[in-house]
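Protein sequences, first through last, are from chains A and B.
Taking this note's numbering, the leading residue of the first sequence gets 154, the next gets one more, and so forth.
Taking this note's numbering, the leading residue of the second sequence gets 127, the next gets one more, and so forth.
Bear in mind the hints are in silico, worked out from the structure with no lab data behind them.
Don't take every hint at face value.
[Claimed, not checked] Per label pair, the in silico range of CB-to-CB distance:
| # | chain 1 | residue 1 | chain 2 | residue 2 | range |
| --- | --- | --- | --- | --- | --- |
| 1 | B | Val539 | A | Val441 | 46 to 54 Å |
| 2 | A | Glu230 | B | Ser487 | 58 to 66 Å |
| 3 | A | Glu250 | B | Gly500 | 51 to 59 Å |
| 4 | B | Leu154 | A | Val441 | 28 to 36 Å |
| 5 | B | Ile497 | A | Asn299 | 33 to 41 Å |
| 6 | A | Ala483 | B | Ala450 | 41 to 49 Å |
| 7 | B | Leu638 | A | Arg343 | 54 to 62 Å |
| 8 | B | Arg340 | A | Glu254 | 30 to 38 Å |
| 9 | B | Ile191 | A | Asp464 | 34 to 42 Å |
Cβ atoms here follow ideal geometry from the backbone N, Cα and C, with glycine treated the same way.
Below, each chain spelled out in residue letters.
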Amino acid sequence: MSSHVKIKRGNARPAFTLGLAIQIAILVIAVIFALFPVVWILSAALNPSQSMNSQSVVPPLPETRVVLAEEAGVLLEIAAPNGSRVERSAGTILLVEVDGEREELRAPKNGYVRNIRLQVGDSFAPGEALYDISSSYLINFDTLFNTERKPYVRWLLNSVAVATITSFLVVMVTALSAYSFSRFRFKGRRSLLMLILLVQVFPNLLAMVAIFLMLQQIGNHIPFFGLNTAGGLILVYVGGAMGINIWLMKGFFDSVPRDIDESAMVDGCGHWQTYWRLIFPLVRPVLVVVGILSFVGTFNEFVLARVLLRDKESWTLMVGLWGYISDNFARDWGIFAAGAIIGAIPTLIIYLSLQDQIVGGLTQGSVKG
Amino acid sequence: MATLLPDSKVKRSEFSTRSILRLAATYLGLAVLDAMAFYLVYVFALDGVWELAITIAVITLLVNIINLRQDLYPLRWISPALALMGLMVVFPIIYTVYVSLTNYGDGNLLTKQQVLNLLARETYLPEGGKVYGWDLYQNAAGDYALWLTDGDDGYFFATLGDFEAVTLLAAGADLPEDYQGYRRLDRGESLRASREAQELSFGTAELQIGIAGRKEAGEFAQRYVYRSDEDAVFDKQASTLFYANYETGQFENENGATLRTGFISGTGLKNYVRFVTSPAISGPLARIFAWTIGFSLVSVVSTFTVGLLFALLMQNERIPYRKAFRTLLIVPYAIPALISVAIWKGMLNSNLGVISNAIASLGIQPPPFFIDPGWSKFGILLINLWLGYPYFMLVCSGALAAIPSDMYEAAEVDGATWWEKFHALTLPMLLVAVGPLLIASFTFNFNNFVIIEAYNEGGPPMVESGTLPAGHTDILISYAYRLAFGGGRGADFGLASAITIIIFVLVAGVTLAQFRLTKGWEETSENV
Numbered sequence: 154m155s156s157h158v159k160i161k162r163g164n165a166r167p168a169f170t171l172g173l174a175i176q177i178a179i180l181v182i183a184v185i186f187a188l189f190p191v192v193w194i195l196s197a198a199l200n201p202s203q204s205m206n207s208q209s210v211v212p213p214l215p216e217t218r219v220v221l222a223e224e225a226g227v228l229l230e231i232a233a234p235n236g237s238r239v240e241r242s243a244g245t246i247l248l249v250e251v252d253g254e255r256e257e258l259r260a261p262k263n264g265y266v267r268n269i270r271l272q273v274g275d276s277f278a279p280g281e282a283l284y285d286i287s288s289s290y291l292i293n294f295d296t297l298f299n300t301e302r303k304p305y306v307r308w309l310l311n312s313v314a315v316a317t318i319t320s321f322l323v324v325m326v327t328a329l330s331a332y333s334f335s336r337f338r339f340k341g342r343r344s345l346l347m348l349i350l351l352v353q354v355f356p357n358l359l360a361m362v363a364i365f366l367m368l369q370q371i372g373n374h375i376p377f378f379g380l381n382t383a384g385g386l387i388l389v390y391v392g393g394a395m396g397i398n399i400w401l402m403k404g405f406f407d408s409v410p411r412d413i414d415e416s417a418m419v420d421g422c423g424h425w426q427t428y429w430r431l432i433f434p435l436v437r438p439v440l441v442v443v444g445i446l447s448f449v450g451t452f453n454e455f456v457l458a459r460v461l462l463r464d465k466e467s468w469t470l471m472v473g474l475w476g477y478i479s480d481n482f483a484r485d486w487g488i489f490a491a492g493a494i495i496g497a498i499p500t501l502i503i504y505l506s507l508q509d510q511i512v513g514g515l516t517q518g519s520v521k522g
Numbered sequence: 127m128a129t130l131l132p133d134s135k136v137k138r139s140e141f142s143t144r145s146i147l148r149l150a151a152t153y154l155g156l157a158v159l160d161a162m163a164f165y166l167v168y169v170f171a172l173d174g175v176w177e178l179a180i181t182i183a184v185i186t187l188l189v190n191i192i193n194l195r196q197d198l199y200p201l202r203w204i205s206p207a208l209a210l211m212g213l214m215v216v217f218p219i220i221y222t223v224y225v226s227l228t229n230y231g232d233g234n235l236l237t238k239q240q241v242l243n244l245l246a247r248e249t250y251l252p253e254g255g256k257v258y259g260w261d262l263y264q265n266a267a268g269d270y271a272l273w274l275t276d277g278d279d280g281y282f283f284a285t286l287g288d289f290e291a292v293t294l295l296a297a298g299a300d301l302p303e304d305y306q307g308y309r310r311l312d313r314g315e316s317l318r319a320s321r322e323a324q325e326l327s328f329g330t331a332e333l334q335i336g337i338a339g340r341k342e343a344g345e346f347a348q349r350y351v352y353r354s355d356e357d358a359v360f361d362k363q364a365s366t367l368f369y370a371n372y373e374t375g376q377f378e379n380e381n382g383a384t385l386r387t388g389f390i391s392g393t394g395l396k397n398y399v400r401f402v403t404s405p406a407i408s409g410p411l412a413r414i415f416a417w418t419i420g421f422s423l424v425s426v427v428s429t430f431t432v433g434l435l436f437a438l439l440m441q442n443e444r445i446p447y448r449k450a451f452r453t454l455l456i457v458p459y460a461i462p463a464l465i466s467v468a469i470w471k472g473m474l475n476s477n478l479g480v481i482s483n484a485i486a487s488l489g490i491q492p493p494p495f496f497i498d499p500g501w502s503k504f505g506i507l508l509i510n511l512w513l514g515y516p517y518f519m520l521v522c523s524g525a526l527a528a529i530p531s532d533m534y535e536a537a538e539v540d541g542a543t544w545w546e547k548f549h550a551l552t553l554p555m556l557l558v559a560v561g562p563l564l565i566a567s568f569t570f571n572f573n574n575f576v577i578i579e580a581y582n583e584g585g586p587p588m589v590e591s592g593t594l595p596a597g598h599t600d601i602l603i604s605y606a607y608r609l610a611f612g613g614g615r616g617a618d619f620g621l622a623s624a625i626t627i628i629i630f631v632l633v634a635g636v637t638l639a640q641f642r643l644t645k646g647w648e649e650t651s652e653n654v
């Protein structure tokens, strides 16, 4: 490569620089295209105003605003005591009596109530400072974690549990099969491998209707594996992940020299001991990578989870986030953004840190479609 | 049969404690599995869910054979994977075929046997049956009981499961406050509890007593009796016969009236015929099909082109911070698709989104990204480009690096221009490596349900589709989803499965073509 650059260098240099500038410009524009949505969602998550239309690229600095009384009145009740989180759209802070009538003083913006200056029964004059309201970069996250109607933490835990168990089972079961395909020679081995590959052409997402109906029937008798359960979902995920992972793992097992297990066998180890004591530890780093990728894939799966999980309590994170998108998206934009960032973090970290392995896997034509 | 490497070793070690333990574990595991499977097969057979009963029986039988026969030892290692695949991948495919040949859907959700089981539980108060007055009792556990008074001053006490005549009480005397651990409820309590108690059936299986009205209770009788010789259900209350009609999956009498619950019945190719004959299905389906192909094609071409362009730019060693550029450019790939689509959906939002606002601030009316079919499709393709180009950028980078550089040098010696080199050398070499991935990407996008669903749930709706829930941006798989689960109109699992089968056939065709094209079978066979 460097040699042919040298040949050209002499006469083509000035044009090259212009070309280079254009190339860099294209890449910069590409990076803006690639990153703008990410920057935008980060900024939305940090913006204390939850709605879409009041968003700017740089979220406003946290500030404390002193709220003044508009009319004279008497404080009847403190609905939101110091430290409580209030939303402009829903938060009543003080109940007061003005001109003999009961009135609710609502939050002028999203934030935390601080420093209420009156006690119940105190009267106040127009223009008198009632309380402070202070915003925070993290208020959307606070709302996200503490809204009973949308139990985000529960969803997050569900997702983590489902993805952990699934990836563990996938690795364990497929490693067993891969060892057999790699180490034994038996009749029908080739056809079986081909069959597994063939079946895998149909992702089980396609058969969602059949899977739904099947789990419905199973759930009539074994509720643990029925609709709406993590058990059923895990079973579906694990079953669907067999094919591609058996092939992937078999490749790794093939790369371990057979001399190792043969010498172990000579020493009197059975197959199980050879597998468990020798081969398994040897391929463990690869198994971890497969497990992590399987974790990410399961964590991000949305379609089957949405079909099979109907109750809010059993939802996974992606199904829960979908709930934000489908109702009142524009109003809950900031909260959704906070949830989206937390939901994206595991995948983002894993993909960016495993970049080189994934590139290697991709060029071999596997991993993610 | 199998060429086990150290056959003799296995036999020798069979007598060690270790292997006895292992054998015991195998038998125990199998016993537990068999017990569970047996239970499932039994209950599914009772329900008439034969397909599941048979599948589970077959899978369990195979697992047993594999684990008990020494000559199938290598398959033992694979048996868990095979069982899981059999139940969760192979069976659903076969089951989809079966469902597509039935009327499975709302109104026909249960097997005939399940419907009969339900009907057998229904009771009625026959005319001329014995009628009692009732008083409600309750015990400490919360169970209700009825004190019954017939017109002839006979007293009876009916609990859940028992019925007895009470002889202790003189005619006309007050009812006891406590009886056999049951306490008489006062008027108010009785009124409140009566709703719950009305649902219950008191007395024994032969003599069922139920509350019929505010004052009356009566002896209930089974309402529907199945007559297997006539394959009909006899309604004792209306004394008419409802014959099983397998065309519609209903029990139907001579006047055409049907029972409330229908059953699943085979309707042959009816669902497939509907594609052709019903204009409300065939019209939208043709358009959905065209859009599915168009969407997949444009997505593949656009992501590949942009990905290749970036990969080519990255080739240039004079560009500074190439590694950083690469990392930043693959960020879209590292974000879950659903979240990415949602972010874009927010940015394109007509009134409030940042992109729409930016366009509006230029004095241009922002396009209706979610209302107009054309702009919706544009939005989806734009998002899919953002989602998909990093994949091809990575793939092309790898493939470009693999092209030997002396080929370029030779071309330069021949005086080839940049375009000639790209056109005659880079592209063909690249396509050989990336071609299969292009086809794989096509089939992936063919079923790219997430982006369609998250963007606008297939909308805007197609007006021509009438009551069927088709949308302008629906692809086949999302349309099948909508038919099955898309609320409102009621589920039509049969039609949805028929569409799924069409997708199966198309995907299988494309994959087969891919294997033909790339001689994939030979390659994979070599790797085996």
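Hint by hint, here is what the structure shows:
At roughly 48 Å, the beta-carbon separation of Val539/B and Val441/A lies within the given 46 to 54 Å, and the hint holds. In this structure the hint that Glu230/A and Ser487/B lie 58 to 66 Å apart at CB is violated, the actual value being about 45 Å. Judged by the Cβ atoms, the range 51 to 59 Å given for Glu250/A and Gly500/B holds: they are separated by roughly 58 Å. Between Leu154/B and Val441/A, the C-beta spacing of about 31 Å keeps the proposed range 28 to 36 Å intact.
In this structure the supplied range 33 to 41 Å holds for Ile497/B paired with Asn299/A, their Cβ-Cβ distance being about 35 Å. For the pair Ala483/A and Ala450/B, the supplied restraint of 41 to 49 Å is violated, since their beta-carbon distance comes to about 35 Å. Distance hint for Leu638/B and Arg343/A: a CB-CB separation of about 19 Å, inconsistent with the stated range 54 to 62 Å. Here the CB-CB span from Arg340/B to Glu254/A is close to 48 Å, at odds with the stated 30 to 38 Å.
Distance hint check: the CB atoms of Ile191/B and Asp464/A are about 40 Å apart, consistent with the given range 34 to 42 Å.
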